[in-house]
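Colleague: Here is how the chains run, residue by residue.
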Amino acid sequence: MTKNNNLLAGELERLGISRRTFLKFCTSIGSVMALSPAQAAVMAEKLVTVKRQSVIWLSFQECTGCTESITRSHKPSLESLIFDFVSLDYHHTLQAASGHAAEQAREQAMHDNKGKYILIVDGSIPIKDDGVYSTIAGMTNLDMLQQVAKDAAAIVAVGSCATFGGLPKAAPNPTGAVSVADIIHDKPIINIPGCPPIPVVMTGVLAHVLTFGIPELDGMGRPKAFYGDSIHDRCYRRPYYDRGQFAKSFDDEGARKGWCLYELGCKGPVTHNACATIKWNNGTSFPIESGHGCIGCSEPDFWDAGGFYKALSTGTSNPGQWASAALAAGAAAGLASAYLNKSSKADAEKEHQPVTIEDMGGKS
Amino acid sequence: MNEIELLNWARGPGLAYATAIMFFGLTLRVIEILSLGRPEELAEVRDSGVRDGWMMILKRSLPEVKHWKYITASYIFHIGLLVVIFFFIPHTHLFRDVFGIFWGGWPNYIIDFFTVLSIAAMLYTLVARFYDPSRRILSKMSDYLAWLVTFLPLVTGYMAFHRLGFDYTTMLAVHILSVELLMIAIPVSKLTHVVTFTMARWYTGSNQGRRGVRS
Amino acid sequence: MSTSFQQGITVLKKVIDAPIAAYFSSCTSCGLCAQACIFYTETGNPKYTPIRRVEPMRRIWEQEFTLVGKAKKLLGLSKPVTEQDLRDTVELAFESCTTCGRCSMVCPAGNDIVYMIRRMREGLTAAGLAPKSLQAAAVRTIEKGSVMGFPLKTLESMIQAAEKETGIKINVDEPNVDYLLLLSSAEVMQFNEIIGALAQIFKEAGVTWTFSSEAYEAGNPGMHMGASEVEAQMINRIVKAAEQLHIKNVISPECGHAYMAIRWEGPNVIGRPYPFKVFHIIEVLDKLRAEGRLKTTGLEDERITFHDPCQAARRGGVNEPQRNLLNMVTSNFIEMEDNRSCNWCCGGGGGMNTIESAEPLVRKVFNRKKKQIDELDVTTVVTMCATCRNTLEEGIEENNMNVEVLGLTELLANHLLKEKKS
Chain F
68 MTKNNNLLAG ELERLGISRR TFLKFCTSIG SVMALSPAQA AVMAEKLVTV KRQSVIWLSF
128 QECTGCTESI TRSHKPSLES LIFDFVSLDY HHTLQAASGH AAEQAREQAM HDNKGKYILI
188 VDGSIPIKDD GVYSTIAGMT NLDMLQQVAK DAAAIVAVGS CATFGGLPKA APNPTGAVSV
248 ADIIHDKPII NIPGCPPIPV VMTGVLAHVL TFGIPELDGM GRPKAFYGDS IHDRCYRRPY
308 YDRGQFAKSF DDEGARKGWC LYELGCKGPV THNACATIKW NNGTSFPIES GHGCIGCSEP
368 DFWDAGGFYK ALSTGTSNPG QWASAALAAG AAAGLASAYL NKSSKADAEK EHQPVTIEDM
428 GGKS
Chain E
5 MNEIELLNWA RGPGLAYATA IMFFGLTLRV IEILSLGRPE ELAEVRDSGV RDGWMMILKR
65 SLPEVKHWKY ITASYIFHIG LLVVIFFFIP HTHLFRDVFG IFWGGWPNYI IDFFTVLSIA
125 AMLYTLVARF YDPSRRILSK MSDYLAWLVT FLPLVTGYMA FHRLGFDYTT MLAVHILSVE
185 LLMIAIPVSK LTHVVTFTMA RWYTGSNQGR RGVRS
Chain C
26 MSTSFQQGIT VLKKVIDAPI AAYFSSCTSC GLCAQACIFY TETGNPKYTP IRRVEPMRRI
86 WEQEFTLVGK AKKLLGLSKP VTEQDLRDTV ELAFESCTTC GRCSMVCPAG NDIVYMIRRM
146 REGLTAAGLA PKSLQAAAVR TIEKGSVMGF PLKTLESMIQ AAEKETGIKI NVDEPNVDYL
206 LLLSSAEVMQ FNEIIGALAQ IFKEAGVTWT FSSEAYEAGN PGMHMGASEV EAQMINRIVK
266 AAEQLHIKNV ISPECGHAYM AIRWEGPNVI GRPYPFKVFH IIEVLDKLRA EGRLKTTGLE
326 DERITFHDPC QAARRGGVNE PQRNLLNMVT SNFIEMEDNR SCNWCCGGGG GMNTIESAEP
386 LVRKVFNRKK KQIDELDVTT VVTMCATCRN TLEEGIEENN MNVEVLGLTE LLANHLLKEK
446 KS
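In the order they appear, the protein sequences are chains F, E and C.
Numbering-wise, the first sequence is residues 68 to 431 according to my numbering.
Numbering-wise, the second sequence is residues 5 to 219 according to my numbering.
Numbering-wise, the third sequence is residues 26 to 447 according to my numbering.
The hints are simulated quantities; they were obtained by calculation from the structure and are not laboratory data.
Keep in mind that the hints are not guaranteed to be accurate.
[Said to hold, decoys possible] Straight-line C-alpha distance at most 20 Å; calculated SDA-like pairs for lysine to any residue:
# : chain 1 : residue 1 : chain 2 : residue 2
1 : F       : Lys195    : F       : Asp249
2 : C       : Lys194    : C       : Lys443
3 : C       : Lys72     : E       : Ser143
4 : F       : Lys409    : C       : Asp42
5 : F       : Lys409    : E       : Leu40
Pulled out of the complex, with its shape left as it was, chain F reads as follows (with noise of 0.2 Å):
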């Protein structure tokens, strides 16, 4: 055992990882991330010295969706790197303890890393009924969560649902599911929205947060590097867009040339999210470039925006049916008015007095 054992740079030099390898992943890195290459030999330079960092993932009202896609990286990069260095003292699925030996080891990871653990959360919070829905260990989530984050040097609320509430959250909530940044309010959050996450956007943001602490978040709280373009503005399609060639259904011509998705209910123009520049599968294709549009999984509330399908333009209310109803309430105020009108008009007829010769100074 070195006396790096510790240290990032004993995990290199354990798994045989070359300098040159290793600031090959650095610059790679560092691209994704858009730092600039002295940002990226400074990474690689206080990466070696990257203590073993104490993690403690909570899994919520989730689907393990997330976990299944930070798990999805098919050749080894610095992110999966990193990933495996942390000490994830508990994750439900990834852990080998279960039962009251998972929870001890969560608690001795607590007290043993007071105020220096990340904690990492995916999954809605369900607070109605006093949160029921959801306990773990007897539990309550919002419980879990209160107490694990006191003692947390930061947060990281991984998917759409720890983010914004999520799938959970969809009309009419009925378990009250709320996000991370919803119940603590005293510790820094970032929040990696998407659903799920690019594995490299949670990867990434995580690197960043060991070398260089919490990377700069636009006012929801995302990670600028990955959220600050909309997918619309990087979409390969968008000269279709701009010269207004939609396709008009999923198989018709326009579909198969590759026209923009707009009128099939793409939500590109209103989501932030790396997928049509870092893309999915190592790269290998991201939802538009699959024919069919982005559904806005990475923005608050896309699960309850009208509908996947509908354009962006349309309104998510039914306003036709309100239009209707206001006719028909419309038309009832008329006739009220209607009525006051007449009656109106009926003392006018009843006042008048005629204006005769007399008034004029004559004599019929």
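Let chain F serve as the given structure and place chains E and C on it in line with the hints.
Modeller: For chains E and C alone, kept in the frame of chain F given last:
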């Protein structure tokens, strides 16, 4: 409230309420007008005037060329506005949603062209309203406000499409909200003319037709 | 005295109908009406913008007949109409408007502004604010029998003179004839050659006709003021006479507003349809022409144009008969650039010629007519309204124009082919 929540509100409850207010208000006003009745014509008419009434609705839209200085900007603005509202492809989807009928849109570069023309024409009419003596003496605050609520959707729509101003999500929300403002303003201002002009033209055409002055 | 400010408001409420509500709902303050109004184009003063003439009525419509307006009233956001507002409107509705109706032709919304101005006048009259000279004219018409105040005796002496000159017997109070002829005061006092002219034309055409001693005045100051009951009184006089004489066709003479009153407004103000038909004299002459009963000889070869009286042509619908007749007796008839229902007002109608204080304005706005005439380089302007004739003549004289004014009937009579012996 963050920008996507603002957008979802504008597309959701905002649109619902604005649609309701506009339809409620216009229906109310039309019935109010009709409720006042039209006195029976007891003189011997040259024609029933019915056809002349309908024809007047179309005929009054034809420009009187000798007045070109006073009407050109208004024609450009009205035609441009109608083209942009009804033929921009994203808008055609909104109308399908509300009315259930669908018609093809026009290419974006045509819509863009008409938008710029309409904005320019509107700026001209604003200045003219201030400088033309007869318009100036007629104009009240309500006239300038009506101009503003009509101008904002054009300008915010243009800005949203071209990614000017705020970020797109916010700009789109602002655009939709400005349209909702216009919808609410229609039944309570001179903008009722968008519907009642047909009634005014019909009555006049019909009266004229009865007297033998054909439309 | 039954006129009062309150009665004015009551009448304005009474006359507002669906068309007027549609008009006020559709006005966008575009100002185009001003471009069609001679009082604006010839003075440049925007206060004459036509839609302004009915502003008090608009406020009453909004405040009384719309829920939104009522709500605004409750919130203190609307101005009630005051007596001063009505006083201020007298100048606009009576003293600078001939009700010519060109504003109604150009309004893009399709508003019939003159329809509204007529009703605004009704409100002002009920408030006791009708111009004194119009009221006096109405009194003369009822008490003396004619607008200018001459008695039946005056007309009788004109008739006798015409009989002597033409050798034709002219009927008064003759029942069961083809036509009852009415005349306007101006014709009797200034253009009375029309009596002899018509006698000759009708003789050649084989038409029987008569005057009525009870109803010989076609002019109707009641209509100018918007005093519906007084207007009805004047109309009923004619209706009674026609019924008593069993007349089936009444002739409205060369006058604009008389045609509007007896042909179009009459049945509506008396509340029942007529048992007879009404024609403008020019319509009658055109009918005779079409039936081959009006024969003329010779052609005027000088450059001649025609002025269409607003109430007869644009508002009354008599646009073609005058042209058919002119083409019979002229070889060089030139249309004004704006003709028929688009012609420009002479400036003297709608009661303006009766209101002395309005005279300078009437003279000023004649410039529009002057421009029309100057463009054509004509020797003669023909028309079919005595008020227009007077106004044109006075304008032409003041401007030292070398143009003659003729009545159409007179022109036809000059060319009448006389076959029947007196």
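Colleague: Now tell me, hint by hint, if it's right for this structure.
Modeller: Hints and how they fare:
Between the alpha carbons of Lys195 of chain F and Asp249 of chain F the distance comes to roughly 14 Å, so the proposed pair stays at or under 20 Å and holds. Restraint check: the Cα-Cα separation between Lys194 of chain C and Lys443 of chain C comes to about 16 Å, which is no more than 20 Å; the hinted pair holds. Distance hint between Lys72 of chain C and Ser143 of chain E is fulfilled; the C-alpha atoms sit about 12 Å from each other, no more than 20 Å. Between Lys409 of chain F and Asp42 of chain C the CA atoms are separated by roughly 11 Å; this keeps the pair inside 20 Å, and the hint holds.
Restraint check for Lys409 of chain F and Leu40 of chain E: satisfied, since their Cα atoms lie roughly 7 Å apart, inside the 20 Å limit.
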